[in-house]
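Undergrad: Listed in order, the protein sequences are those of chains A and B. Going by the working numbering, the residue at position 49 of the first sequence is 49; the numbering climbs one at a time, nothing skipped. Going by the working numbering, the residue at position 195 of the second sequence is 195; the numbering climbs one at a time, nothing skipped.
No lab work stands behind these hints, which were simulated from the structure alone. A couple of the hints might just be wrong.
Stated by the list, open to error - With a Cα cut of at most 20 Å, we get these calculated SDA-like pairs of lysine to any residue: (1) A/K42 to B/N100; (2) A/K174 to A/V151; (3) A/K156 to A/D212; (4) A/K127 to A/L37; (5) B/K111 to A/G124; (6) B/K111 to A/T5; (7) B/K124 to A/L37; (8) A/K141 to B/S146; (9) B/K124 to A/T5; (10) A/K209 to B/K124; (11) B/K28 to B/P83; (12) B/K111 to A/K174; (13) A/K127 to B/R91; (14) B/K111 to B/K84; (15) B/K84 to A/V191; (16) B/K143 to B/A197; (17) A/K9 to A/R133; (18) A/K174 to A/L23; (19) A/K209 to A/G124; (20) B/K111 to A/K42; (21) B/K191 to B/T92; (22) B/K124 to A/G124; (23) B/K137 to B/R91; (24) A/K156 to A/Q116; (25) A/K127 to B/P83; (26) A/K127 to B/G65.
Said to hold, decoys possible - Some chain A residues close to chain B (C-beta under 8 Å, calculated; not the full set): (27) F52; (28) Q116; (29) E121; (30) V122; (31) F131; (32) I134; (33) P137; (34) Q138; (35) E150.
Values in this document were obtained by computation on a predicted structure and should not be read as measured data. The beta carbon of each residue, even a glycine, is placed where N, CA and C say it ideally should be.
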Amino acid sequence: MSLMTMIVKMSEGLGKTCAIFFLTLLFSLPLGMIVALLRMSKNRVVSSVTRFFISVLRGTPLMLQLLAVTYGPYYLFGANVARNKLIPVVIAFAINYAAYFAEIYRGGIESIPIGQYEAAEVLGYSKVQTFMRIILPQVVKRIMPSITNEVVTLVKDTSMAFTVSYQEMFTIGKQIANSQTSFMPFVVAGVFYYVFNDVVDYVMGRIEKRLDYYR
Amino acid sequence: MTENTSVSPSILEIRGLQKSFSSLSVLKDISLSVDRGNVMSIIGPSGSGKSTLLRCASFLETADGGDILYDGQYAVHDGVYAPKASLNHFRTRFGLVFQNFNLFPHYSVMKNISEAPVLHGQNKEEVRERAVQLLKKMGLEGKENSYPCQLSGGQQQRVAIARALAMQPEILYFDEPTSALDPELTGEVLKVIRQLADENMTMVIVTHEMAFARAVSEWVIFMDGGVIVEEGEPEQFFGDPSQERTRQFLRNYQQ
């Protein structure tokens, strides 16, 4: 098999790689905020249950979580394994990344000086107005570097979908590598991820720059 | 908005106010009242409870006991707070200027000043016009589009004063407004406060600037250990204080 054929075959999986990437961000970024708010809840039960879930999601391998979400329903309830593996893959990724984002959000929210809340309160901002208008925009700016880190990791983590045989780019590459006893598909995959992350870096850099107008 | 028809000379009245942080009693039975158009200065050593007093009056701290009245209406009665909706209404009567300015760094000067009144349903154009006037008054003409990080501390504090005034409060509180500023920048902030006093703005000022307190106030209160040790008109208070503790405190400032 020529290098060109490899690249073309693997490119066919890029759409699925992108699907995992974008759908994971779409769901995990807002879900992470909900988790962060639950984690910071004044209700002790709510905050400790949330903390426990975060610790499980961060303390066990994503690969294991992928297997659990994909095949767990079969072993637990005898349910059929989802025909479209994208669904369990995105569920596992979104929940896992939400746990990480939640801790980043929490760090960001807790870093905003109490004086910002007090100034808003005296000026008559409601709790929701204070959060949405005063706190959140400042949090976003502060956490951008950490978010970029996670997004870059996510690009590479999409390759883990091979454990449940979801036909994304890396899974295809691995199959070619096995059938052709060649290392080249892995090199191709490495280049794909590198270029993908270059784009991510550029986009995130632009966003950070746009938030650069204040300190 | 409902107009208050009852005629009460005092905008703010506090009776028997008490506040503890766990076992530490910070305010012990504080009573005072501020009449319309008057300026009251509160002085005292660190930890005397003077900032806590202002924070209780502006509902940032919850008092344990006593009364807080605005225009003769109870905001706090015997340590019991009025319902949330009416507290929100009381909040529109006062403004607070913080030691650390607490401007919103991601907002332009204009948005810092104008957003709150607009959120309260005031006409956007009128609010913006008022903001421009206030900035002019604060000596910050043309700074509408600057961001707080581009301003000096003294300029930031003047924006904070404009922001508080934009809400058109009946009484303005200052919590050590110049303590976070370089000495050479305090003058410009004190100047605008003095200008407000000349326009008969009702104010309560917690400060360490003795000469300023003497010049600007109708009434001076000296607090120590959570109680009012002495109070009086500035000439009598600074010229001939009756309490030894007051004399001792003022002596430390004259050095």
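Undergrad: Tell me the hint numbers this structure goes against, listed in increasing order.
TA: 1, 2, 3, 6, 7, 9, 10, 11, 12, 14, 15, 16, 17, 18, 19, 20, 21, 23, 24, 26, 27, 31 and 35
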